[in-house]
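Q: Below are the chains, spelled out letter by letter.
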Amino acid sequence: MARMTMIQAIRSAMDVAMARDDNVVVFGEDVGFFGGVFRCTQGLQEKYGKHRCFDTPINESGIVGAAVGMAAYGKRPCVEIQFADYMYPGYDQLVQDAARMRYRSGGQFESPLVVRMPTGGGIFGGVNHSQSPEALFAHVAGLKTVIPSNPYDAKGLLIASIEDEDPVMFLEPKRLYNGPFDGHHDRPVTPWSKHALGEVPEDYYTVPLGKAAIRREGAEVTMLVYGTMVYVAEAAAEEAGVDAEIIDLRTLLPLDMEAIEKSVQKTGRCVIVHEATRTCGYGAELAAIVAENCFYHLESPVVRVTGWDTPYPHAHEWDYFPGPARVGAALKKVMEKA
Amino acid sequence: MMRELAYRLIRVLDAEGRAVGPWAPEISEEALREGLRDMLKVRAYDTRMTMAQRQGKTSFYMQALGEEAIACAFARALRPGDMHFPTYRQQGLLIANGCPVVRLMNQIYSNTEDPLQGRQMPVFYSERDYGYFSISGNLASQYIQAVGWAMAQAMDGKDGLSVGWIGEGATAESDFYSAMLFASTYRPPVILNIVNNQWAISSRESLARGSSPTFAARGVGFGLPALRVDGNDYLAVYAAAKWAAERARAGLGPTAIEFLTYRTGAHSTSDDPSAYRPKNDSEAWPLGDPVDRLKQHLIAQDIWTEERHAQAVAEIDIEIAEAQKQAEKNGTLHDGPHSSPATMFEDVYKEMPLHLRRQRQEAGV
Chain A
14 MARMTMIQAI RSAMDVAMAR DDNVVVFGED VGFFGGVFRC TQGLQEKYGK
64 HRCFDTPINE SGIVGAAVGM AAYGKRPCVE IQFADYMYPG YDQLVQDAAR
114 MRYRSGGQFE SPLVVRMPTG GGIFGGVNHS QSPEALFAHV AGLKTVIPSN
164 PYDAKGLLIA SIEDEDPVMF LEPKRLYNGP FDGHHDRPVT PWSKHALGEV
214 PEDYYTVPLG KAAIRREGAE VTMLVYGTMV YVAEAAAEEA GVDAEIIDLR
264 TLLPLDMEAI EKSVQKTGRC VIVHEATRTC GYGAELAAIV AENCFYHLES
314 PVVRVTGWDT PYPHAHEWDY FPGPARVGAA LKKVMEKA
Chain B
3 MMRELAYRLI RVLDAEGRAV GPWAPEISEE ALREGLRDML KVRAYDTRMT
53 MAQRQGKTSF YMQALGEEAI ACAFARALRP GDMHFPTYRQ QGLLIANGCP
103 VVRLMNQIYS NTEDPLQGRQ MPVFYSERDY GYFSISGNLA SQYIQAVGWA
153 MAQAMDGKDG LSVGWIGEGA TAESDFYSAM LFASTYRPPV ILNIVNNQWA
203 ISSRESLARG SSPTFAARGV GFGLPALRVD GNDYLAVYAA AKWAAERARA
253 GLGPTAIEFL TYRTGAHSTS DDPSAYRPKN DSEAWPLGDP VDRLKQHLIA
303 QDIWTEERHA QAVAEIDIEI AEAQKQAEKN GTLHDGPHSS PATMFEDVYK
353 EMPLHLRRQR QEAGV
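Chain order of the listed sequences is A and B.
Here the first sequence stands for residues 14 to 351, numbered as in my numbering.
Here the second sequence stands for residues 3 to 367, numbered as in my numbering.
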């Protein structure tokens, strides 16, 4: 075991995967010599050579399109989009080609590729460096969408994603790269070295896609969260004094529906938190699943706490971010309705 | 000067059907007759399937009338194992590569033997064993994928190559530029073909070309060797393909080729060209008909006659008609039978996730 940040864990996952399988290739903007703007690919080019880890021109449809061609040939590309906000030029390739390749070709061609991208805000990234586009991926039949919340999961999920036979969108909450963050932006930053999930094996292991993790067991309310919101939920439940069951979804698609249903049927209440905008956000799907499958167990209406339906503002970042105060208020609200 | 080839026109067959000039390829008499038969087969197949659509046996069809030489000659110039990333108008690749016509018809009819299980619109074939990549309806995305495939092949040290195909209208898409740039930067063994058939549904080629004199000139802008070739000249297409393939296999990198041709038929069975172009427009096309020109060449060489030609046309028509009968035994789109609706839920993911298993149950299939 070693102490790792999420950046180091992600790098270790690619290192392990590249060492095990010559077909794994890593590329994207600035990922080669420089090692990526967040340093996730640092040292990989030096270790595996320029044919396995290389820089690309600033062209996301080219990055994803080339990856689709390579994956169809038999490679396992793990590409980086510098910020999730930059993925839109590559979206056509993902939706129309990667996601449908096996289906439309009757299984003759497949698209086993991973698109890594830093997601979310809380770093003063403003409108174009803070977005959380996970619902745009989860909506697409044929894609898988993964969002880890800690270094241990990040490494295990990324190795599992690289080995997966389907195209995987791997969203890395950039506010979590260097430590867990509970939304108290005015307090000192906690590093991963002080967190249990910063303990990461140096060798190969996987965390399976499609399995949620219960971060806190509780009896009064189920909190459905992923990425940065895991820590916001923990802080809010603690501060509100509510016995919450906190479920870290880890994978949005395939979704661990059974874990959700089991928990809500037990607690009878549900609060959903995500940083992305609300309308047609992933929380809408979660709320619908809860309504369809747990309605007669509910003691109060399902509540969503999300980013507002606005672009992500720069100066007003903390008014936008669904922090512990707003999440705590939602917890109190669902408890009052009892 | 290499770059002039992007602005001139490479031709081999002259007005009398003689193979002349520096591009005249070495090609056997048998290969020439095969080439002619390939084109006749594509034409007969297209005629039958267009008629089948008119008869309500399927939803849609796209013919390659007038452009047959490009795909047919190109396929014959390459090797098994090379991968084409085609558009919807390169059925000639499949036929010249020996894909059974009945297999293609099963796809057109979405019947029980359709290799794609009724999932794709007619002509959106996928034939890996015949070097034919899965067709997508969002134009141009295959172009950069061809470059990615070639990069992967080069990484493995293989001498195979890939071919990106695009229509002149779709060169306006940004994926066209992504492909040209990645090809230019990494120099993998890829050939980037632009089929300029003058029409993108109803709009003229100049709309996508802009102020540039030719489409081949796009390649010049990326520092790629670029050729502009008479696409209705079977020998010129064959020679250009051989040249580009040899370069790619020798490790010299990509080539861009514009093929000049004319879309004699409609864009698809869903449009009527008389609404947007003069009725006799195709007759004014100066580069002639590819079948007539190759036939003239064979006759001029004394290796073919009008009688043999008429006989070949009749034989091929019988062959295609028999394939059609066989395919229709497996079903047609409107009358069925089709694959089971349960197959709708398969191949979305390698393993079916819980939500799809639940939906399949809900669908009751």
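Derived from the structure by calculation, the hints contain no laboratory data.
These numbers come from a predicted model, not from an experiment.
Heads up, a few of these hints could be off.
Taking lysine-lysine pairs in the DSBU-like style, the calculated list, with each CA pair at most 30 Å apart, reads [claimed, not checked]:
id	chain 1	residue 1	chain 2	residue 2
1	A	K275	A	K346
2	A	K207	A	K224
3	A	K224	A	K275
4	A	K224	B	K352
5	A	K279	A	K346
6	A	K275	A	K345
7	B	K352	A	K275
8	A	K60	B	K160
9	B	K160	B	K281
10	A	K345	A	K224
11	A	K346	A	K224
12	A	K63	B	K160
Q: Report the numbers of all earlier hints that the structure fails to satisfy, in ascending order.
A: Checked against the structure, the only hint that fails is number 9, while the rest are satisfied.
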